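K.L.:
Those protein sequences? They're chains A and B, same order as listed.
Heads up: the first sequence begins at 10 in the numbering used here, then just goes up one per residue.
Heads up: the second sequence begins at 428 in the numbering used here, then just goes up one per residue.
Hints in this document: simulated from the structure, not taken from any laboratory.
Possibly wrong hints are sitting among the right ones.
[Unchecked claim] Covered stretches of chain B (in silico footprint by chain A; criterion: 3 or more residues with CB under 8 Å from a CB of chain A, positions within the stretch not fixed):
id: 1; region: 475-483
id: 2; region: 600-612
id: 3; region: 638-645
[Unchecked claim] Below, simulated DSS-like cross-link-like pairs (lysine-lysine); rule was C-alpha separation at most 25 Å, straight line:
id: 4; chain 1: A; residue 1: K399; chain 2: B; residue 2: K541
id: 5; chain 1: B; residue 1: K619; chain 2: B; residue 2: K552
id: 6; chain 1: B; residue 1: K527; chain 2: A; residue 2: K399
id: 7; chain 1: A; residue 1: K436; chain 2: B; residue 2: K541
id: 8; chain 1: A; residue 1: K436; chain 2: B; residue 2: K441
id: 9; chain 1: A; residue 1: K436; chain 2: A; residue 2: K333
id: 10; chain 1: A; residue 1: K38; chain 2: A; residue 2: K65
[What the hints assert, rightly or not] Okay, the calculated beta carbon distance ranges per label pair:
id: 11; chain 1: A; residue 1: C379; chain 2: B; residue 2: E678; range: 51 to 57 Å
id: 12; chain 1: A; residue 1: G81; chain 2: B; residue 2: A544; range: 31 to 37 Å
id: 13; chain 1: A; residue 1: I33; chain 2: B; residue 2: A544; range: 56 to 62 Å
id: 14; chain 1: A; residue 1: D166; chain 2: B; residue 2: A544; range: 34 to 40 Å
id: 15; chain 1: A; residue 1: N344; chain 2: B; residue 2: G572; range: 21 to 27 Å
id: 16; chain 1: B; residue 1: R567; chain 2: A; residue 2: L102; range: 48 to 54 Å
id: 17; chain 1: A; residue 1: S162; chain 2: B; residue 2: D604; range: 56 to 62 Å
id: 18; chain 1: B; residue 1: E559; chain 2: A; residue 2: T425; range: 34 to 40 Å
id: 19; chain 1: B; residue 1: G572; chain 2: A; residue 2: E84; range: 27 to 33 Å
All figures in this text were calculated on a predicted structure; none of them were measured in a lab.
Where a beta carbon is used, it is the ideal one built from N, C-alpha and C, also for glycine.
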Amino acid sequence: MSENLEEVLINSYKNDGLPLLKDIKSAAKVDFLEKGLPKVREEEYKFTPITKTLKKQFAFDAKPATAHVNLGDIEQQFIDSDSSNRLVFVNGLFSNELSVIDAQDGLVVKNFATAALENNDTILEYFGKIADTDSFSSLNTVLTQDGVFVEVSKNADAEIPLYVYHVNVAKEIEVFSTPRNLVVAHQGSRVRLIEKNITLGAHNSFSNSVTEVFVKENATVHHVKVQNDVANSYEVVQTKVHQESNSNYSAYTISLSGGMIRNNLNITSDGQNCESNMYGLYLLTDKTHVDNHTSVDHREPNSYSNELYKGVMDGHSKGVFNGKIYVRQEAQKTNAFQSNNNVLLSDTATLNTKPQLEIWADDVKCSHGCTSGQLDEEAIFYLQARGISKENAIGMLLYAFANDIVEKVPVAEVRTYLDLQVADRLKS
Amino acid sequence: MLKINNLQARIEDKEILRGIDLEVKAGEVHAIMGPNGSGKSTLASVLAGREDYEVTGGSIDFNGEDLLELAPEERAREGVFLAFQYPVEIPGVTTTNFLKTAVNQVREHRGLGKLDAVSFLKEMKQKMQLVEIDQSLLSRSLNEGFSGGEKKRNEIFQMAMLEPKLAILDETDSGLDIDALKIVANGVNQLKSKDNATIVVTHYQRLLDYIVPDYVHVLYKGRIVKSGGKELALELEEKGYDWIKESVDAEATV
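With the rest of the complex left out, here is chain A (with noise of 0.2 Å):
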């Protein structure tokens, strides 16, 4: 494979697609070539050496991977049992065969390519709007074929949970999919969103995925990221959300299983009483690297901002965190809190955390905390001296710890599912 990959990505990959980006998409490359993908001493991405990963397990030649899928290949790992708001994915392009989208009063559902034609001014309006410095956005600007378009009417209370599955097939060969996806959520307004990856096949698979999400004034959006995925499967993920004054976002990112994935949750808090709500829970084990990286801008005043990640690395597992707050000098009264914990369970799994706190106003409430170590061994003991083997003991302890996060979903058949996988997960 040729040295210069950035190169290689832009040229072998077709990035015709969606002609009302045109020029959006030109000027992406531009950005991208002279950014380049992160080297491998770049801080942001210290810890997970994604670049490299790449080239040495992508050939990236551009080889498009058989594509038909059957619904009996994948709704053993669909989290909703019957969902009437389902969109598939496969390797990165729409299959309506595959989904199901049941009409929902004040709710637009449709996958981007067709958005591109039918909603060109909304997409217009917020696409790529939403600032960032990571170049594997650019990237995706530069390639994205398709992806999720969403939208809410004001005051639309979309009662039914969205669901939407990217599967990548990657039975013959390696496969590179590059979904965009974009959420407007007007004045007053409410959805939930539900995303996961199904890699179907032994190859490699590498997902670059970039969601922007406007939440406007008043609105609530509940964003879930369930990432249950095979060893061989690669993703980088950026959430870029713009919140206006009065406004609820709230992400909850579930990282059990996977190769490595990097999460990039950026969110702009830019209005007043504003709510940001970020969750995370990552439990890992054998050579899975999860590396979550966020950060809330706040930029007026009055606004709330709550971070709780924690994570429970096994085996060879590597967990990575970095938080970032920033309060703004016109952010006065801002209440911003974040916390990581951590249990490491094994000798060779491994956990880099970091928070990072910039404050310039000077009446607010800010507080951060990062714990890291093993269970509390007087609640063992209490266990055991209750008749509890220490095997059951800290698998309850175990299980508590990760329910915190789990019980937060606000969508009863995520919970369901997760509370199986991660109680699954607890007795091996």
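Given the coordinates of chain A, assemble chain B onto it according to the supplied hints.
P.N.:
Positioned in the frame of chain A, the structure of chain B alone reads:
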């Protein structure tokens, strides 16, 4: 039921128990009293199997079993119950949930069938009345936000559910007001039978007005230095621990 023979134990480099001899028979209530640092809680902890303490000599026979060979959970299943002095809080684990697991593990060990959810709940409702504990407290995270009295009542509630052969109450009265004390004592008294035994570890005599002991032993510097009937507790109350300390220390210098 319980035969402790010349028990010696230490924590890190510090020797705490320096030769305890104690025999407890079924149906008996024994009080272990003593000044701070005498080793009362250490004795309770060693009986329950806390790993921090290293047993350096002696033996403990419990109904024919070598107790020191058993892991804490095995001791609990054999019928040893420790009511903790400082019950730990366990967020995310409710009393109801963990107790169901515990009760069924103990029952399984005793050759009894497991209780299903309905039977378990029924059992719980009955035993809750014993210590006037509320259902809502039991479906919350264990001991989280509980007052001192609630924590101690929860300990006795668990004891009622597990039906131990030997109950060790480690300073169960500490931090309790008289009303809470009475409820706890009443619960313990209701659970007493001719087939089980109780060891009450306490600094103060007051609790023993309500849980009346058959024998009182005074622990000082890791040894039982005096034993007697319940009158001994009253004598201690009157004279204080200095009386014991002086006579023991005087003997030592002879």
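K.L.:
Hints the structure violates: just list their numbers, smallest first.
P.N.:
2, 3, 8, 9, 19
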